[in-house]
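Student: Here is what each chain is made of, one letter per residue.
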Amino acid sequence: MRVFLDTNAGLSATIFAGLCEALVTECSDNGWLLTSPRVQAEAHAVLLRKFPPLPRASGLFDDNWREAELIADVAEPAEDNDARLVAAAVAAGAPIFVTGDRRVLGRKAVAAMRIRSPREAWIAFVRAAFARRASAVVIRVRKRRAYQLGLHHWPRNHALTLSVS
Amino acid sequence: MTRLSVRLSDKEAQDLQAICDSLGKSRSEVVRDAMRAHRLRQALRASQAELPPAARAAGWLTEDDLLHEVS
Numbered sequence: 001m002r003v004f005l006d007t008n009a010g011l012s013a014t015i016f017a018g019l020c021e022a023l024v025t026e027c028s029d030n031g032w033l034l035t036s037p038r039v040q041a042e043a044h045a046v047l048l049r050k051f052p053p054l055p056r057a058s059g060l061f062d063d064n065w066r067e068a069e070l071i072a073d074v075a076e077p078a079e080d081n082d083a084r085l086v087a088a089a090v091a092a093g094a095p096i097f098v099t100g101d102r103r104v105l106g107r108k109a110v111a112a113m114r115i116r117s118p119r120e121a122w123i124a125f126v127r128a129a130f131a132r133r134a135s136a137v138v139i140r141v142r143k144r145r146a147y148q149l150g151l152h153h154w155p156r157n158h159a160l161t162l163s164v165s
Numbered sequence: 001m002t003r004l005s006v007r008l009s010d011k012e013a014q015d016l017q018a019i020c021d022s023l024g025k026s027r028s029e030v031v032r033d034a035m036r037a038h039r040l041r042q043a044l045r046a047s048q049a050e051l052p053p054a055a056r057a058a059g060w061l062t063e064d065d066l067l068h069e070v071s
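Which chain is which? The protein sequence lines are A and B, in order.
Using this note's numbering, the letters of the first sequence correspond one by one to residues 1 to 165.
Using this note's numbering, the letters of the second sequence correspond one by one to residues 1 to 71.
Please note: incorrect hints may appear among the correct ones.
What the hints assert, rightly or not - Just a few of them, taken from the derived set where beta-carbon distance is under 10 Å, the chain B residues facing chain A:
1) Val30
2) Asp33
3) Leu44
4) Ala55
5) Asp64
Claimed, not checked - Cβ pair distances, simulated, as ranges:
6) A/Ala136 to B/Ser26: 19 to 29 Å
7) A/Arg127 to B/Leu23: 30 to 40 Å
8) A/Ile123 to B/Lys25: 20 to 30 Å
9) A/Gly18 to B/Arg3: 33 to 43 Å
10) A/Ala22 to B/His68: 46 to 56 Å
11) B/Thr62 to A/Ala41: 41 to 51 Å
12) B/Thr62 to A/Ile123: 15 to 25 Å
Stated by the list, open to error - Calculated Cβ distances over 10 Å to all of chain A for the following chain B residues:
13) Leu8
14) Leu16
15) Arg27
16) Arg39
17) Thr62
18) Glu69
19) Val70
No lab work stands behind these hints, which were simulated from the structure alone.
Model, not experiment: these values are computed from the prediction.
Heads up, the beta-carbon is just placed ideally off N, CA and C, and yes, glycines get one too.
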């Protein structure tokens, strides 16, 4: 599940402990974190404009993205930076685009990519993690049941319906 | 690639092996993952220690303030 974080979500993680920070660490730990040169340029511009006495701020931002996968920017549509970020994420095959921008969130999805707020993305991660753990339990129970039935090698595509509490 | 020797207690070595077994990864992979995770968290702590005063002065008190203002 590769995840592209919009500039606002990346900046939020850089400045505040919270949901966006949790998304960055979760995505980075799993090798899912995507960014682009345009996100970095936008973040640098915002930090310089908002924090003029802190020229080090851009470097601090960059330090948080050293492990992220850098995807290529796209040139179109030329007049809309947000749409170009979304198009770059789609071109890179990202399934999730995380943003706090209400205008971008209003698009909900572009091609196969879902556009989610940080909170919605976090809920999706928690559900996916729960589903992974649940299927691991099902596989362990099925293997144990197969052993009890004398099937020492679990046959592929063998369906046993077991309820797991 | 650099080869690095690290001294671990028996308990730490057992814990490392248990992590490797549960993740299906080699010791080298687990140590590299841990180092990347540690470096990222350190970088986040550094930026979150230095930037919030300037953010508050700029009117960003919470991450929602920032998320709504920056596109």
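Student: Does each hint hold? Answer for all of them.
Tutor: To see whether the hints hold, each was checked on the structure:
no. : hint                            : result
1   : Val30                           : violated, 12 Å
2   : Asp33                           : holds, 7 Å
3   : Leu44                           : holds, 6 Å
4   : Ala55                           : holds, 5 Å
5   : Asp64                           : holds, 8 Å
6   : A/Ala136 to B/Ser26: 19 to 29 Å : holds, 21 Å
7   : A/Arg127 to B/Leu23: 30 to 40 Å : violated, 21 Å
8   : A/Ile123 to B/Lys25: 20 to 30 Å : holds, 28 Å
9   : A/Gly18 to B/Arg3: 33 to 43 Å   : holds, 39 Å
10  : A/Ala22 to B/His68: 46 to 56 Å  : violated, 19 Å
11  : B/Thr62 to A/Ala41: 41 to 51 Å  : violated, 25 Å
12  : B/Thr62 to A/Ile123: 15 to 25 Å : holds, 19 Å
13  : Leu8                            : holds, 22 Å
14  : Leu16                           : holds, 17 Å
15  : Arg27                           : holds, 18 Å
16  : Arg39                           : violated, 8 Å
17  : Thr62                           : violated, 7 Å
18  : Glu69                           : violated, 8 Å
19  : Val70                           : violated, 4 Å
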